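Trainee: Letter by letter, the chains look like this.
2 protein chains.
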Amino acid sequence: MTSESTFISLMRAMAPDPAARNLLDDCAVISLGSETVILTHDMMAEGVHWLPNADPADVAWKLVASNLSDLAAKGANPLGVLLGFMLGDDKWDRAFAAGLETALTHFGVALLGGDTVANRGDKRALGLTAIGTATCIPVPSRGGALPGDLVYVTGTLGDALAGFELIEAGFDEVGPLAKAYNRPEPRLAEGRLLAPLVNAMMDVSDGLLLDTERLASASKVEIAIDLARIPLSPTYVSYRGDALESRLQAGSWGDDYQLLFTVAPHTEVTAAATQVGYVREGAGLSLFDGETRLALPSSLGYQHH
Amino acid sequence: MTSESTFISLMRAMAPDPAARNLLDDCAVISLGSETVILTHDMMAEGVHWLPNADPADVAWKLVASNLSDLAAKGANPLGVLLGFMLGDDKWDRAFAAGLETALTHFGVALLGGDTVANRGDKRALGLTAIGTATCIPVPSRGGALPGDLVYVTGTLGDALAGFELIEAGFDEVGPLAKAYNRPEPRLAEGRLLAPLVNAMMDVSDGLLLDTERLASASKVEIAIDLARIPLSPTYVSYRGDALESRLQAGSWGDDYQLLFTVAPHTEVTAAATQVGYVREGAGLSLFDGETRLALPSSLGYQHH
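The listed protein sequences correspond, in order, to chains Y and X.
The numbering of the first sequence is UniProt numbering, which starts it at 1 and goes up by one.
The numbering of the second sequence is UniProt numbering, which starts it at 1 and goes up by one.
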């Protein structure tokens with residue numbers, strides 16, 4: 001199969017419009033008269049992004065949440081979504097529809113349109129487009145981190161990983177960890193608070209380390225992450241401890257939907273966030289446990305091969 | 001499987017925002033400051049919208065063209081697209097990418113973003129979101145046809161049907177009929193010319209008769225179509241003749257991507273179009289061959305079951 005990076009390279013070569021932001025930024029940023037439109041499209045596929053036994057209402061929630069998380073990283077106000085839906089069995093489709101309504105109501109986002117296609121017995125693929133408007137110009141990108149910046153992440157990491165493990169182990173957990181996996185909360189309010197302050201911002205959908213490497217690459221800087229600083233929830237710690245291995249896993253797992261951002265030193269950060277590293281001249285990701293430099297693990301996060 | 005109409009009914013119940021136009025209109029119409037954004041999303045699935053032996057470049061073209069056709073029916077200026085792509089084998093993906101570039105260049109539309117997902121050996125599903133801006137307020141809808149209006153369609157109908165038959169029969173035809181099927185031209189220029197003139201407009205993607213019935217239903221009127229008036233190309237006539245059966249098929253086949261619209265009597269229609277019927281009080285579609293009323297065929301066009 002074509003690798004994701006190969007295909008994106010092909011696409012990038014045909015996307016010179018500045019609104020495409022060189023396809024590095026999760027969202028298109030389109031200036032239209034007095035407004036700036038933020039537009040994003042994410043797909044989810046059965047067997048890749050969800051297991052066949054997943055609750056269709058959770059699938060609907062994550063489809064909405066993952067797109068809104070891209071808008072959050074732009075400091076955008078979400079307006080609405082368009083759904084691309086592959087029809088399947090009636091019970092699944094109705095449960096999905098009910099879950100979609102729950103999610104849209106929760107996030108205060110309108111269903112604006114979409115399309116349905118027949119299904120010839122294949123695994124499902126779903127798409128969602130989200131549109132929002134910028135609240136802050138310039139709209140944050142992945143590419144603005146500067147040497148000397150401090151690196152922060154909102155909330156805690158690893159809860160979705162722990163929730164996934166509990167669900168997989170058959171605990172049918174309905175506690176905070178399973179909720180972190182099934183019903184992530186994109187950081188929309190935090191994104192709007194942070195957008196005027198940051199030099200660079202993106203959401204952490206594929207793991208802190210992998211996404212940090214992407215932000216460093218887009219900004220042409222090196223980012224040092226200190227695993228000792230990775231924010232863990234008390235529930236996560238009670239389940240998996242806070243040893244180095246546990247912190248490393250919390251930093252290499254996707255589905256957290258927190259915001260990763262860099263700010264100039266001495267910036268007053270007005271959203272709940274933890275400093276996890278800093279930016280310096282160089283390239284790529286470097287990893288520390290306090291003062292001790294660590295080798296990079298073979299996998300930094302979730303890659304869509 | 002859930003029927004398309006059942007699922008859309010579920011969606012409609014949760015789409016009260018006026019920008020959604022009650023999900024009757026193929027596009028969302030969003031007022032943003034000084035601009036009006038037109039947004040549409042269409043999916044295509046292997047085995048439903050294209051056969052496994054189709055040229056990937058043609059699939060890319062049709063994905064772009066079908067979305068731009070929705071914008072054409074709104075009189076919109078297209079700005080760009082976001083692609084939802086399911087990765088597959090390298091040769092297919094590269095041919096698709098090359099075809100996408102050809103289509104985007106041809107239509108002068110930017111690639112703005114999108115998403116890729118892995119493929120676990122399933123048939124492919126692709127999605128495209130197109131964004132444009134309105135050139136005319138109010139933006140045409142399906143719902144504005146008035147009793148007394150005349151009903152027109154741009155271009156000719158049935159060419160895509162004939163092209164599909166030639167391709168299926170193994171003629172590997174590269175002439176105008178195959179081109180009509182593989183490389184349809186959305187009526188963007190015509191849509192902008194017509195938008196200020198029409199009472200109702202939509203694109204003919206699923207067949208003239210089916211789409212006319214939909215327009216009649218959205219407008220709460222009856223529309224009479226005269227099969228004797230259906231515009232056929234000389235190439236189509238030389239291949240399939242112009243007898244009633246041939247006209248009926250030309251009116252019941254999708255993929256034409258012409259514009260169907262209604263105007264008040266005595267309107268000067270400034271785009272190349274043929275009057276095929278008229279609007280009167282009542283409900284639904286009625287069918288004539290000249291003065292002779294015909295029974296409706298069991299299938300009016302392409303339905304996504």
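Treat the hints with care, since some could be wrong.
Below, simulated DSS-like cross-link-like pairs (lysine-lysine); rule was C-alpha separation at most 25 Å, straight line [stated by the list, open to error]:
| id | chain 1 | residue 1 | chain 2 | residue 2 |
| --- | --- | --- | --- | --- |
| 1 | X | K179 | Y | K123 |
| 2 | X | K91 | X | K220 |
| 3 | X | K220 | Y | K123 |
Cβ-Cβ distance ranges computed for the label pairs, FRET-style [stated by the list, open to error]:
| id | chain 1 | residue 1 | chain 2 | residue 2 | range |
| --- | --- | --- | --- | --- | --- |
| 4 | Y | S9 | X | V174 | 42 to 50 Å |
| 5 | X | G284 | Y | A95 | 27 to 35 Å |
| 6 | Y | R280 | X | T105 | 39 to 47 Å |
| 7 | X | S9 | Y | P176 | 48 to 56 Å |
| 8 | Y | L51 | X | K91 | 40 to 48 Å |
| 9 | X | P52 | Y | G33 | 30 to 38 Å |
| 10 | X | T105 | Y | H266 | 28 to 36 Å |
| 11 | X | L146 | Y | K179 | 33 to 41 Å |
| 12 | Y | K179 | X | R94 | 38 to 46 Å |
Hints listed in this document are in silico derivations from the structure and should not be mistaken for laboratory results.
Quantities reported herein were computed from a predicted structural model and do not represent experimental measurements.
The beta carbon of each residue, even a glycine, is placed where N, CA and C say it ideally should be.
Trainee: For the pair supplied as a hint, K179 of chain X and K123 of chain Y, is the alpha-carbon distance within the 25 Å limit?
Mentor: Given that 25 Å is the threshold and the Cα spacing comes to 32 Å, the pair is violated.
Trainee: For the pair supplied as a hint, K91 of chain X and K220 of chain X, confirm whether the alpha-carbon distance does not exceed 25 Å.
Mentor: Violated - the C-alpha atoms of K220 of chain X and K91 of chain X are around 49 Å apart, more than 25 Å.
Trainee: Take the C-beta atom of P52 of chain X and the C-beta atom of G33 of chain Y, compute their distance, and say whether it sits inside 30 to 38 Å.
Mentor: violated, 44 Å
Trainee: Take the C-beta atom of S9 of chain X and the C-beta atom of P176 of chain Y, compute their distance, and say whether it sits inside 48 to 56 Å.
Mentor: violated, 36 Å
Trainee: Does 27 to 35 Å hold as the CB distance between G284 of chain X and A95 of chain Y, or does it fail?
Mentor: holds, 33 Å
Trainee: A range of 33 to 41 Å was offered for this pair. Does it hold for the Cβ distance of L146 of chain X and K179 of chain Y?
Mentor: violated, 52 Å
Trainee: A range of 40 to 48 Å was offered for this pair. Does it hold for the Cβ distance of L51 of chain Y and K91 of chain X?
Mentor: violated, 30 Å
Trainee: Assuming the hint says 38 to 46 Å, is it satisfied by the Cβ distance from K179 of chain Y to R94 of chain X or not?
Mentor: Given about 42 Å between the Cβ atoms, the range holds.
Trainee: Decide if the proposed pair is consistent with the structure: K220 of chain X and K123 of chain Y, CA atoms, cutoff 25 Å inclusive.
Mentor: violated, 38 Å
Trainee: Does the Cβ-Cβ separation between T105 of chain X and H266 of chain Y fall within 28 to 36 Å?
Mentor: For T105 of chain X and H266 of chain Y the Cβ distance comes to about 48 Å; the hint is violated.
Trainee: Range first: 39 to 47 Å. Now tell me if the beta carbons of R280 of chain Y and T105 of chain X are that far apart.
Mentor: Holds, since R280 of chain Y and T105 of chain X (Cβ atoms, about 41 Å apart) stay within the stated range.
Trainee: In this structure, is the beta-carbon distance linking S9 of chain Y and V174 of chain X contained in 42 to 50 Å?
Mentor: violated, 31 Å
The structure does not agree with the numbered hints 1, 2, 3, 4, 7, 8, 9, 10 and 11 stated previously, though it agrees with the rest.
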